[in-house]
Amino acid sequence: MLTNGQTVIGMMERLAPKHVAEEGDKIGLQLGSLQKDITGVLVTLDVNDEVAEEAIRLGANLIIAHHAVIFRPLQHLRTDNPMGRLYEKLIKHDIAVYISHTNLDIAEGGLNDWMAEALGIQNASVLKEVHTEDLFKLVVFVPIDHHQKVLDAILNAGAGSIGHYSHCSFSTEGSGTFLPKEGTKPFVGSIGKLTQVEEVRIETIIPQGIRSKVIQAMLKAHPYEEVAYDLYPLTLKGRIFGLGRVGYLQEPVSLAAFVETVKMGLKVDRVRVVGDLNRSIKKVAVLGGAGSKFLSSAIFVGADVFITGDIDFHTAQDALMAGITVIDPGHHAEKIMKDKVTQWIQERLTEKKLETKVYSSAVDTEPFSFV
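Offset between the sequence shown (1-based) and this note's numbering: plus 791.
The set of hints was computed from the structure by calculation and includes no laboratory data. None of these values were measured; they are calculated from a predicted model. Do not take every clue at face value.
Taking lysine-lysine pairs in the BS3-like style, the calculated list, with each CA pair at most 27 Å apart, reads [unchecked claim]:
(1) LYS1131 - LYS817
(2) LYS883 - LYS817
(3) LYS1004 - LYS1028
(4) LYS1004 - LYS817
(5) LYS1148 - LYS1131
(6) LYS940 - LYS976
(7) LYS1084 - LYS1058
(8) LYS1004 - LYS827
What follows is a list of derived Cβ distance ranges for each label pair [said to hold, decoys possible]:
(9) ASP885 - TYR1023: 41 to 49 Å
(10) VAL1018 - ASP1103: 50 to 58 Å
(11) ASP1021 - GLU920: 26 to 34 Å
(12) ASP816 - THR968: 47 to 55 Å
(13) GLU844 - PHE1104: 31 to 39 Å
(14) SER916 - ARG1063: 24 to 32 Å
(15) LYS883 - PHE862: 15 to 23 Å
(16) SER916 - GLU1051: 24 to 32 Å
Where is the CB? At the ideal position from N, CA and C, for every residue including glycine.
Could you put together the complete structure from these sequences and hints?
See the structure below:
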C-alpha cells in the first residue's frame, strides 16, 4: 500500500522539526501538493533539471531537498527561462518539492551530527546556539481506573523527557468534584447532582515542539467529556538547538592527516586548507554549508580546526591571524544528507508496512569542477 504525502512529511518532520529552523528560512512545501498518494520519494541536495528528470524516470512524485528550489522571490513565472522551465516540468509531472534546510542542520541527529560522526568527532555539542526549547508543566486529573491508560498516552507521545531520562512523571491521589449540567453526558455521576470521584493528578513536562501532539494524545485517552488539565510555562529551559558541532578526536593528529579524514568522511576529492599542515589537531568544529560568519564561534570555543564551506579570502586571513586552521570541503559536502535522509524515511515506511520507495539522488549537483 502506498502512503500519502502528509504521512511522508510527518516522518521527515520527526527528524527535522520545522520549529527549530532559523527565522525566515525557506522551508516546507515549496511546489505542488501533498494531498496525494506518493509513488516514490527522491532525496536530493538541490533540485535542477537533471534531478527532475531523475524523479520522472524513477516514478517519484515527491522530492525532498535540502536547498530551496525557490530561493529568491519570484517576480514572474516564465517558461522561456531555465528556472521557469524547471518549475513547469515539475508541475506538469505532478512532482511536489519539500525543503528541509536549517531545521535539518540544527536538528539533533541531523546534518551537522552526521558530519561530526563522519569526521570522528566525539562528545559533540552545539557550536552556535540558535534557541533553547521552551518547557511546559502539564497537570491533568484522571479517574483512578484510567490513570495508567492516560499516563501511557501522554508519555508515549513524547512528554516527560528530562536530560537523558524519558517517561518522567509524578502522580498523586485525591478527590475531585463536579456537577454535570443539562446537555452533558457525564462519564460518571448524574445530571444535576454534585459528584465526588477518586482521581489521580498526573504531572509531567512537555517541550514546546510536541505540545499539541501530547495534548491530543491525552484528550483521546481520557474518558471524561470535559478534561480538567492545566498547562504552565516554565522558566526552566529544555534542550539547546543550534548550528554546527564541536568536539574532540579520539587522538591528536596532524592537520595533514586530518585533511585525509575529511576527504574520506565527506566524500570530496579536494579541499582548501588554511594553516600549518604539521599542526596537531584535537578539538574540531564543523558546520555544514557556508560557515564563514561562524569562524568567531569556532575561535571562541577553542577549536584547533574549523571545517565549513565557502570560506572567503578575508575570513581565511582572519583565521590565520587568530591561529585557527580551516578546512573548506565546499558547500556541496552537505550531500551526506541524501543517503541519511533516505534511510531515515525508508525505515519508517517499512515499519508501517508501506510500499512507497525512497531513492537517494544519483545526480551530482556540485556546480564547481577542479582543473
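Here is what the structure says about each hint:
1. At roughly 21 Å between alpha-carbon atoms, LYS1131 and LYS817 fall within 27 Å of each other, so this suggested pair holds.
2. With a C-alpha separation of about 23 Å, the suggested pair LYS883 and LYS817 falls inside the 27 Å cut-off, and the hint holds.
3. Distance restraint check for LYS1004 and LYS1028: the Cα-Cα separation of roughly 19 Å lies within the 27 Å cut-off, and the hinted pair is therefore satisfied.
4. Distance hint between LYS1004 and LYS817 is fulfilled; the C-alpha atoms sit about 24 Å from each other, no more than 27 Å.
5. Taking the CA atoms of LYS1148 and LYS1131, the gap is about 15 Å. The hint holds against a cut of 27 Å.
6. With a C-alpha separation of about 21 Å, the suggested pair LYS940 and LYS976 falls inside the 27 Å cut-off, and the hint holds.
7. Of the pairs offered as hints, the one joining LYS1084 and LYS1058 holds, with about 24 Å between alpha carbons and a cut-off of 27 Å not exceeded.
8. The suggested pairing of LYS1004 with LYS827 holds, with an alpha-carbon distance near 23 Å, which does not exceed 27 Å.
9. Between ASP885 and TYR1023 the Cβ separation comes to about 46 Å, which falls inside the hinted range of 41 to 49 Å.
10. A beta carbon spacing of about 56 Å between VAL1018 and ASP1103 agrees with the range 50 to 58 Å that was offered as a hint.
11. Between ASP1021 and GLU920 the Cβ separation comes to about 30 Å, which falls inside the hinted range of 26 to 34 Å.
12. Restraint check, ASP816 to THR968: a C-beta distance of roughly 49 Å satisfies the suggested window 47 to 55 Å.
13. The hinted range of 31 to 39 Å is satisfied by GLU844 and PHE1104, whose Cβ atoms lie roughly 37 Å apart.
14. Take SER916 and ARG1063: their Cβ atoms lie about 26 Å apart, and the range 24 to 32 Å holds.
15. Take LYS883 and PHE862: their Cβ atoms lie about 22 Å apart, and the range 15 to 23 Å holds.
16. Taken as a hint, the range 24 to 32 Å holds for the pair SER916 and GLU1051, whose Cβ atoms sit roughly 25 Å apart.
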